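Visitor: The sequence shown begins at 1 in my numbering and counts up by one.
In case anyone wonders, no lab produced these hints; they're calculated from the structure.
Predicted model, so just to flag it, every value in this text is computed and none were measured.
Be aware that a few hints might be false.
[Unchecked claim] The following label-pair restraints were derived from C-beta to C-beta distances:
hint, residue 1, residue 2, range
1, 2, 248, 56 to 66 Å
2, 134, 192, 36 to 46 Å
3, 59, 223, 43 to 53 Å
4, 76, 137, 28 to 38 Å
Glycine is no exception: its CB is placed at the ideal position from the N, C-alpha and C atoms.
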Amino acid sequence: MNPARDALDGAITAIGAGGSPTPRLDAELLLAHVLGVPRERLFTDRMLTVEGPAVRAFQDAVRRRAIEREPVAYIVGRRGFRRLDLIADPRALVPRPETELLVEQGLRLDRGLSVLDLGTGSGAVALALKDERPDLELTGSDISEPALELARANGSMLGLEVRWVRSDLFAELPDAFDVVLTNPPYVAERDRRQLAPEILRHEPPGALFAGADGLALIRRLLAELAERPRVRMVASEVGAGQAPIVARLLAAAGFGRVRGERDLAGIERILVGER
Numbered sequence: 001m002n003p004a005r006d007a008l009d010g011a012i013t014a015i016g017a018g019g020s021p022t023p024r025l026d027a028e029l030l031l032a033h034v035l036g037v038p039r040e041r042l043f044t045d046r047m048l049t050v051e052g053p054a055v056r057a058f059q060d061a062v063r064r065r066a067i068e069r070e071p072v073a074y075i076v077g078r079r080g081f082r083r084l085d086l087i088a089d090p091r092a093l094v095p096r097p098e099t100e101l102l103v104e105q106g107l108r109l110d111r112g113l114s115v116l117d118l119g120t121g122s123g124a125v126a127l128a129l130k131d132e133r134p135d136l137e138l139t140g141s142d143i144s145e146p147a148l149e150l151a152r153a154n155g156s157m158l159g160l161e162v163r164w165v166r167s168d169l170f171a172e173l174p175d176a177f178d179v180v181l182t183n184p185p186y187v188a189e190r191d192r193r194q195l196a197p198e199i200l201r202h203e204p205p206g207a208l209f210a211g212a213d214g215l216a217l218i219r220r221l222l223a224e225l226a227e228r229p230r231v232r233m234v235a236s237e238v239g240a241g242q243a244p245i246v247a248r249l250l251a252a253a254g255f256g257r258v259r260g261e262r263d264l265a266g267i268e269r270i271l272v273g274e275r
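With the sequences and hints as input, model every part of the structure.
Guide: What follows is the structure in C-alpha cells.
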C-alpha cells in the first residue's frame, strides 16, 4: 500500500520536472480522479492509500501529464465551466475561464432572444447560458462535426435544450438570430511556437489558428454579419492586442457601438458590438 500523500509528492515532482506551471494542482486533480474521491479528501483522510489498479492508473496519468504534457482536462475527461461539469476531450478546446466572459454578456440580454454560439466547440458557452438563462433560445454551431458530437453529448448529459448545427460560419444557418456570441480561432500562425505544449500538441488546430495575423475568421464572420441586419449584437473573444483592430472591423460591419471587456489578467478579451 502506498499512502496517498506519498504518491502525491512523487507526482508533484515528476509533473513539475516535465514543465507544468501548476504541478501541485495537476497532481491533486489526477489523484482525486483516479481514486474517485473529492479533492479535499486527499488532505483530510490520513488513511487514504493508492493500491491495486489505482497504482498503474495514477502512474499512467502522471506520465501523460509530465511527459506528453496532455491537458489535465483531457486526462480526467472533465472540465468545470461556470456551474457545469463538461465532458472534455481532444475534439474541442478545453474551456477557459476567460471564455466565461461571453456567458456574462448573454446574461445581460433581454428575455426570449435568439442567441447563436458560433464555433461552439464543446458547447460550453451555449450550455452555460441555457443553464442560467433558460428563457433564451440557444443554438450552437461549429464547422467540426466531431466538436458538435461532443457538444451534443454534453447537452444530453446535462439535460439542457440547445439546437446544434454544423455550419461554416453562417453558410447553413437561417437569418434568425438576435445575438451572436463567438470564441473563434484567433491565434496567428507566426505565434505557433509560442504556445504551450498542452495546446500545440493536443488541442484541435482548427479551433486555434486563423491566418497570418489571427484575424482571418473574425474578418469573414463580420463581413457575413454585415449582411444579417437582424443581429443586433455580437460579442467575440479576441487575442491579446487584437482589440483595436477588431473594434474597427466591428464598426465597418455596422456595429457602431463598441465596448471591450477585460479578463482577470487585464487583457481586453471580449469585444462587444451593437447596432
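Visitor: All hints are to be evaluated individually against the structure, with a verdict given for each.
Guide: Here's how the hints hold up against the structure:
1. 2 to 248: 56 to 66 Å: holds (59 Å)
2. 134 to 192: 36 to 46 Å: holds (40 Å)
3. 59 to 223: 43 to 53 Å: holds (51 Å)
4. 76 to 137: 28 to 38 Å: At roughly 33 Å between Cβ atoms, residue 137 and residue 76 fall inside 28 to 38 Å, so the hint holds.
The structure meets every hint from the earlier list without exception.
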